[in-house]
Amino acid sequence: SQKIEQNSEALNIQEGKTATLTCNYTNYSPAYLQWYRQDPGRGPVFLLLIRENEKEKRKERLKVTFDTTLKQSLFHITASQPADSATYLCALDLTGGYQKVTFGTGTKLQVIP
Amino acid sequence: EPEVTQTPSHQVTQMGQEVILRCVPISNHLYFYWYRQILGQKVEFLVSFYNNEISEKSEIFDDQFSVERPDGSNFTLKIRSTKLEDSAMYFCASSGAQGAGYTFGSGTRLTVV
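From first to last, the protein sequence lines stand for chains D and V. As numbered in the numbering used here, residues 243 to 355 make up the first sequence, in order. As numbered in the numbering used here, residues 57 to 169 make up the second sequence, in order.
Just chain D, same shape as in the assembly (with noise of 0.2 Å):
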């Protein structure tokens, strides 16, 4: 079956280092793949996509990596700070199309000051 992971157990780190979040599929041949923060009590927050072709994407502090042969995608978040603390979402496009995303199950990040 289809499955998208990501780290269940939330990630504590040092403000000022950097966050690194994973997120592994099985079974997919995404077309391609979105980032997403998402606060308490709120809706998700487009942060990023990078496509099948890409290998990598930056965005200010953030930076997406894309691996299809190991079917993994890393999320960077560079001189973390306590307001980065929040759950981080990875979202798949299976089709290319826009019928729509699947969401993993999310990783909390804790950035402690």
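These aren't lab readings, by the way, just hints derived from the structure by calculation. Just so it is clear, the structure is predicted and the values come from calculations on it, not from any experiment. Cβ coordinates follow ideal geometry from the N, Cα and C atoms, glycine included. Keep in mind that a hint or two might mislead.
Footprint (simulated), chain D over chain V, 3 or more residues, beta carbon under 8 Å [what the hints assert, rightly or not]:
(1) 64 to 70
(2) 98 to 112
Taking beta-carbon pairs under 10 Å as the criterion, some of the chain D residues facing chain V (in silico) [stated by the list, open to error]:
(3) Gln280
(4) Gly285
(5) Ala328
Chain D is already provided as a structure; the job is to place chain V on it using the hints.
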């Protein structure tokens, strides 16, 4: 920055009653979605809508659910006869062009008693 607006923010309803959740997507977006999130669980796809018809729906989206875009600005989700297990946060989202990601609303918390 453009927003997706959802109303009401919280709705309490008796089991068996009909509810309508309302959304105003971003005005120039073409693709519309409903997702839900049961407390403590992942964000789950319900339905996508494009060109005035359903593009795809999940197994959750059974005959009790329907969507409508009645006037070119609103996008509604109707649950005909609510069940206790329909209690969740319901998120509306829209997207515009390839590579843009989805913009989510703040959600409607539905409580069925």
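Could you check the structure against the hints above and give me the numbers of any it violates, in ascending order? The structure conflicts with hints 1, 5, although it agrees with all the remaining ones.
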